[in-house]
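> Below, each chain spelled out in residue letters.
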Amino acid sequence: DAGVTQSPTHLIKTRGQQVTLRCSPISGHKSVSWYQQVLGQGPQFIFQYYEKEERGRGNFPDRFSARQFPNYSSELNVNALLLGDSALYLCASSLGSSGANVLTFGAGSRLTVL
Amino acid sequence: DAKTTQPPSMDCAEGRAANLPCNHSTISGNEYVYWYRQIHSQGPQYIIHGLKNNETNEMASLIITEDRKSSTLILPHATLRDTAVYYCIVRPYDTSGTYKYIFGTGTRLKVLA
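So the sequences go chain by chain: A and B. For what it's worth, my numbering labels the leading residue of the first sequence as 1, then goes sequentially. For what it's worth, my numbering labels the leading residue of the second sequence as 115, then goes sequentially.
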């Protein structure tokens, strides 16, 4: 079975540009979450979507936005890129049901902002 | 939000058990404890989770104290491939259905040959 797939795996942008990152969840998973991991730190929660609705938002500026499509895939958009946005962006999917709801992470998209 | 405290680093001899501690003294009664590991900037890999009882799977065992204020992840026979950063996570209980993991800086486990 395919796991969580993310694209692109690596990308380089310059300050002020915009970026779109994509995520396909595990088949049957209805919830997608996005995390940002800066070098040397643990991942930080950005967004969670369940059944195409935003269920949670972390402490990130409005330059960060996301959406979930009817097939449960998701996109994360970051506008007006700053040097500090350089990070590994992780997508995770889960069934979205109640209870333990284990997250399965993808390999990430590594963004470098120059 | 419940926070976790882990030692920044640990070493373990190959073939020996690795015992990774985690303190979560502010955990609430309905909050789960999860353990993940991350190998060299790959995505975090799920290991095990628990609520109140000790748990065991093919990867590891999770021992949760009776007061739930701390837990220990046990890798019974560590191998070089277990070298990674291990994260102990307490997911805040949220009736809205938000599943937000709060990661700390984790424990960097180095398995020595």
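Calculated from the structure, these hints are not laboratory results. One or more hints might be untrue.
Here are the simulated distance ranges between beta carbons [claimed, not checked]:
1) A/N101 with B/I153: 44 to 50 Å
2) A/N77 with B/R130: 43 to 49 Å
3) B/M173 with A/A107: 15 to 21 Å
All figures in this text were calculated on a predicted structure; none of them were measured in a lab. Note that the Cβ used here is the ideal one computed from N, Cα and C, for glycine as well.
> Can you name, in rising order, the numbers of the hints this structure does not satisfy?
1
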